[in-house]
Structures are given as C-alpha cells and as structure tokens.
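Using the UniProt record's numbering, the first residue of the sequence shown is number 1, and each one after it goes up by one.
Hints were generated in silico from the structure; no laboratory data involved.
Check before you lean on any hint, since a few could be wrong.
Stated by the list, open to error - Straight-line distance between alpha carbons at most 20 Å, and here's what the computed SDA-like set of lysine to any residue pairs gives: (1) K116 to L86; (2) K294 to P324; (3) K52 to D78; (4) K93 to S46; (5) K116 to N196; (6) K181 to D66; (7) K52 to P4; (8) K42 to V328.
Said to hold, decoys possible - Pair by pair, the computed Cβ-Cβ distance ranges are: (9) G95 to T53: 33 to 43 Å; (10) T167 to G312: 23 to 33 Å; (11) E119 to E184: 31 to 41 Å.
The beta carbon of each residue, even a glycine, is placed where N, CA and C say it ideally should be.
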Amino acid sequence: MAFPELKNRLLLDTLEGAETERPPVWMMRQAGRYLPEYMEIKKKYSFFERVKTPELASEITIQPIDIVGTDAAILFSDILVLIECLDVEVQLKPGFGPYLSDPIRTVEQVENLNIKPAEEQLSYVYDALTLTRKELGGRVPLIGFAGAPWTLFCYLVEGQGSKTFSTAKSFLFSQPEAAHKLLEVMTDQTIQYLHNQVKAGAQVLQVFESWAAALGPDDFQKLALPHLKRIANEDYGVPLIMFCKDAEWSYPLFANTKVSSFGVGWGCTPEHARQFAGDKVVQGNFDPSKLLMKPDQIEAEAKEMMQRFGKGNYIANLGHGILPDVPVENAKRFVDTVKNFRY
C-alpha cells in the first residue's frame, strides 16, 4: 500500500538513534478531550461510535496536528477495544469510566473463552489507521498503540477502573494457572493486533502498561514482565515505545529486546530515567497538571525538563495523558517551547 512520503521525520529519526537539532514532541491523549473541536463531535456521537467510525477517528486524530502542531499523530482509539476479541462487552459510562457487565472471575470463564482473531474483530482500527495515514499526507508520522496484557487483565477481571485492582490481583494470586492462561491469550492477541496496525499504516507503536505499579516489583517481574517481553521481542518493522507507568525501574530488564524507547512518568527524575533506559531513547515526563500553570511558567518548566534529560535520544512528552481542563493555548505553549528549543 503506497502512502505519501513523510515530511517530518523528527520522531522516527530520534527513535532510530540519529542526531537531531531538537527533541520531537507529542502528547499522550492529545487527540480528544481538551479540544473544543473534539467536544463538538462528542455532542453528536457516543465514545465507541467515535472510536469505531474510521472517518470520525481519523478526523479526531488529525485535530491536534492542525491545532497544536505536534510532531506525531496518535490514533484516537482505546486500549480496551482488544477486550472485544474475547467476546466481552465494554461500556464507557459517563462520569464513571470503563465498565464490563460480565467480568472474568472464574476458572471456567477462562477455559470457555470465545477468542476472536484481532485481525477480523478490530478492522475499524485498521481502517482508521489507513485513512489517517492518507489524510495526514506525510505531515507527521502516525502512532498506533495497545494496552499491555497485565493492564487488560486488570479491567477484564475487575470489571472497571480501580485504585488497587484488588479483585484482579486476588484472581492472579489465587488462580495462577487460569490467570496465566488469560495473560497468554491477551499477549497473543496484542502481538497480532500490533502487527496488523503496522500493516494498516502505523509508523510507530506504543504499549501502555498503565497498571504496572499495581503489582509489587517482584510480582511484576515474575507475572507481568514475561508477557511484556514476548511483545517486546517481536519484530514489527517499526519502532516500539514501552511505557510501564510508575515502574521505570523495570526498563533495564528490556535491554536485549527490540524496544526503541521507554516512556517515563513524572514520578521518575530525568536522571534516573536515563540510568534505567541505558542507551535507549527516553520519552516524557512533563506532569500534565503543570499545563494549568501560566504560559511563562509552562515554558520555563519545559525548558528545564529538556535540559535535564540532556542532548539526544529524547522525546518530549507528558508523563501521562493530557487533562480535559487544559487550555488549548497552554498545550500549544508546551509544544511550541519544545519546537523552539535547540540542543
């Protein structure tokens, strides 16, 4: 499939280890909730209508490129769409978040999983990627993404968001064989999903292990990490960014994998991030709440962040997703500060 030639290669050059005059910049959750243009679309369509309609998903994905000017686009989607491949319905309740009416809580449910291939079940994601890649016209690269197995397991078993995911952890510890099988299934599906995203047009991939810190370091290393490393050892033909939220200590364990870059939260200093990442690219770690400061303060904080991360092998980003109440001009000030920065 022929796509327009890429004009802004800054993100790809950085991920490939090339010297650049400044860091590339994009923001997690940049497509969506803080943009007035997105809110107009939200008034007309439900969340999953937006996600599952390629034309809408593509339009939303491109909005921050037009409005804020980031160096990459990330597909407007959700990590939980992959759960549909287990024939489990996901609802998004306003003011509540993700909700699964029939979570997986028993060994029998795991044994009787109705597994549907990601290639067939998630065609709307691939269609949105292909359409977006064409509509971008090569302006910036397009990022695809997936949730990591442990994070998806948390939602599958808990049935909703949680501060502790105690139900999911209880199942993991009390039914280890069934839990391992479910994690293996999610790993297989994630690998297939990521390969298909690249076929559809994704030029970079990011894996979100959002609930890494719900497990202690020993349990994470024993129970979640092996599945992540299977994903990380695949050759997708494009750079892979791994983001283990609040578990940056785990990054040395990926040293011999095909991971190109590590995402970093604001709970980890730039200095420690460099130490954990070794010779890999680091990405992060601006606290999204700081985008509510005065514009001059945002600029000063962003410059300090970039100076502390140092020259090269660095992608400027937030430490997690942008908040809904961030003024667009503040997000733009952050992006412009990075774009005006020089090593």
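Hint by hint, here is what the structure shows:
1. Annotation: proposed proximity of K116 to L86 holds, straight-line Cα distance about 6 Å (limit 20 Å).
2. For the given pair, K294 sits about 17 Å from P324 by alpha-carbon distance, which is consistent with the 20 Å threshold.
3. Restraint check: the Cα-Cα separation between K52 and D78 comes to about 10 Å, which is no more than 20 Å; the hinted pair holds.
4. With a C-alpha separation of about 10 Å, the suggested pair K93 and S46 falls inside the 20 Å cut-off, and the hint holds.
5. Proximity of K116 to N196 is assessed by CA-CA distance (about 14 Å); at most 20 Å being required, the pair is judged to hold.
6. Of the supplied pair hints, the one linking K181 and D66 is violated, its CA atoms being roughly 44 Å apart against a limit of 20 Å.
7. Of the supplied pair hints, the one linking K52 and P4 is violated, its CA atoms being roughly 24 Å apart against a limit of 20 Å.
8. Between K42 and V328, the direct Cα distance comes to roughly 17 Å. Compliance with the 20 Å bound is thereby established for this hinted pair.
9. Taking the beta carbon of each, G95 and T53 are about 23 Å apart, not inside 33 to 43 Å as hinted.
10. Distance hint for T167 and G312: a CB-CB separation of about 44 Å, inconsistent with the stated range 23 to 33 Å.
11. The hint said 31 to 41 Å for the Cβ distance between E119 and E184, and at roughly 18 Å that hint is violated.
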